[in-house]
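Start from chain A and add chain B according to the hints.
Residue numbers (the numbering used here), protein chains in the order written: chain A, 1 to 241; chain B, 1 to 274.
One thing to keep in mind: the hints can contain errors.
[What the hints assert, rightly or not] Here are the simulated SDA-like pairs of lysine to any residue, each with C-alpha atoms no more than 25 angstroms apart in a straight line:
1) B:Lys-217 / A:Lys-69
2) A:Lys-127 / B:Leu-120
3) A:Lys-27 / B:Gly-171
4) A:Lys-27 / A:Glu-14
5) A:Lys-112 / B:Phe-78
6) A:Lys-53 / B:Ser-165
7) B:Lys-220 / A:Gln-81
8) A:Lys-127 / B:Ser-218
9) A:Lys-69 / B:Gly-171
10) B:Lys-217 / A:Lys-178
11) A:Lys-69 / B:Phe-150
12) B:Lys-217 / A:Lys-53
I should point out that these hints are in silico values taken from the structure, not numbers from a laboratory.
Chain by chain, the residues run as shown.
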Amino acid sequence: MALIKTEKLTLSYENMTVIENLNFEVKSGDYLCIVGENGSGKSTLVKALLGLKKPVGGSIEFGDGLIQKEIGYLPQQTSAQRDFPASVSEVVISGCLNSRGIRPFYSVKERKTAAENIERLGLTELKNRSYRELSGGQQQRVLLARALCATKKLLLLDEPVTGLDPMVTAEMYGLIEKINKSGVTVIMVTHDMASALRYASHILCLTENKDDGFFGTAAEFLESNASNFLKGGAANGQDTE
Amino acid sequence: MGKILSEMFSAPILVRALIVGILVSLCAALLGVSLVLKRYSMIGDGLSHVGFGALAIAAVMNLAPMAVAIPVVILAAFLLLRLSSNSKIKGDSAIALISTGALAIGVMAVSMSHGVNIDLNSYLFGSIVSVSGGDVVISVILACAVLLMFVFFYTKIFAITFDESFAKATGINVNLYNMLIALLTAVTIVIGMRLMGSMLISSLIIFPALSSMRVFKSFKSVTICSAVVSVVTFVIGMIISYAADTPCGASIVCVNIAAFAGFFIAGAVVSRSK
Chain A
1 MALIKTEKLT
11 LSYENMTVIE
21 NLNFEVKSGD
31 YLCIVGENGS
41 GKSTLVKALL
51 GLKKPVGGSI
61 EFGDGLIQKE
71 IGYLPQQTSA
81 QRDFPASVSE
91 VVISGCLNSR
101 GIRPFYSVKE
111 RKTAAENIER
121 LGLTELKNRS
131 YRELSGGQQQ
141 RVLLARALCA
151 TKKLLLLDEP
161 VTGLDPMVTA
171 EMYGLIEKIN
181 KSGVTVIMVT
191 HDMASALRYA
201 SHILCLTENK
211 DDGFFGTAAE
221 FLESNASNFL
231 KGGAANGQDT
241 E
Chain B
1 MGKILSEMFS
11 APILVRALIV
21 GILVSLCAAL
31 LGVSLVLKRY
41 SMIGDGLSHV
51 GFGALAIAAV
61 MNLAPMAVAI
71 PVVILAAFLL
81 LRLSSNSKIK
91 GDSAIALIST
101 GALAIGVMAV
111 SMSHGVNIDL
121 NSYLFGSIVS
131 VSGGDVVISV
141 ILACAVLLMF
151 VFFYTKIFAI
161 TFDESFAKAT
171 GINVNLYNML
181 IALLTAVTIV
191 IGMRLMGSML
201 ISSLIIFPAL
211 SSMRVFKSFK
221 SVTICSAVVS
231 VVTFVIGMII
241 SYAADTPCGA
251 SIVCVNIAAF
261 AGFFIAGAVV
271 SRSK
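So here's chain A without its partners, still in its complex pose:
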């Protein structure tokens, strides 16, 4: 059984169908990159996977004991966040919120999970620092630690390297690869094709023309027609943001 399996998934954004009859599956341990030009429905697909958007048609099924709200999500940063007064540990532990009902305070176990993930991402020295004092790469690591608090199985990363310099980007990819190798499945939305091909096991390519889409392993992708868009294909779509 796959972790996630979609069948004939159809999604719309502001009454426009952006994804039609999409079939793909993610197995435990996979590293799937979702690529495609702006307006191809990447963000809408992310929302649907998180359960924030109802499919117009088709289905998304979760298997292997994955619960939808236990997906570790790393959203794109907003400008309001960058100067937010919050300590690193406050941000990281907020990832534990999905596993607790209405209890008002964090339990010992949740504090332990947060501490483990802080250490896992090398943030121990920063844990009492304020989020707004950190560099872009450090902030992204904090958000990754938070996402790991929310999940044991699946990370969903929405353009995690946007705005980072090349050194920090490489570091971030290294971290994500390490997390993937430790058994966490990764789904990443990205514009960075070169890195997608380098790290991903599978590629899902969304295109405006629904018939040109692609889903398969990274090796198959290079052989296919879909990779043509790498060479500067149509990029005149509208942004879905």
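Only chain B this time, still in chain A's reference frame:
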């Protein structure tokens, strides 16, 4: 100083104003941290103008002011929330639209009401005389609601304030909490604007949070500090207002300006000394 305080506590009007003011300052500061960080500070300003319009119309039509103003402002709060999350009309222009519109309607209502005695000045800039016994009851209920919300849902409020997308993904009903915050903000503003005036009430929401953010670096410390700053500046402002016979709303805002300046300098010193 002791004489001034004992004088203040012997006048029932002042005691009422102090109780309502302290509770409203506390609520405004707590809600303010979340509103300011979510870039919703202007919602407070917009709502107070709507409150002015509602109070003016209630007075002209001889209706109970609170019974009109509270529901109208709550409705406006929901509307503003919806507009801010809708990309077609941007939040800031929507607020300007609604606040100036409501202000104009209020002024029209007052000017057309011949024979009705309305003190426009106290509506706009507040007065302690207008605080009623009913306001005391409502402000106690409000303060309990806000405090309970912050104690029981503190972690969720943090998550929603810091990152709505992530909070939604973890299964938190973000819209419900946003509406709860909007509702409590609306009530805080209506109660507080009688004392502070509709032009000045939003300062109670914005100043304490901004002052605390200069110095403190975690969400918890910012929240606690702004509650303390808000109540302390309110009391100092009231004492100055009584002793120097200045309008209370403006006096409180001036104390807040001084506090902000103090925190600003302290923040600059702390970050330079690192």
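Violations among the numbered hints: Numbers 1, 2, 4, 5, 10, 12, in rising order.
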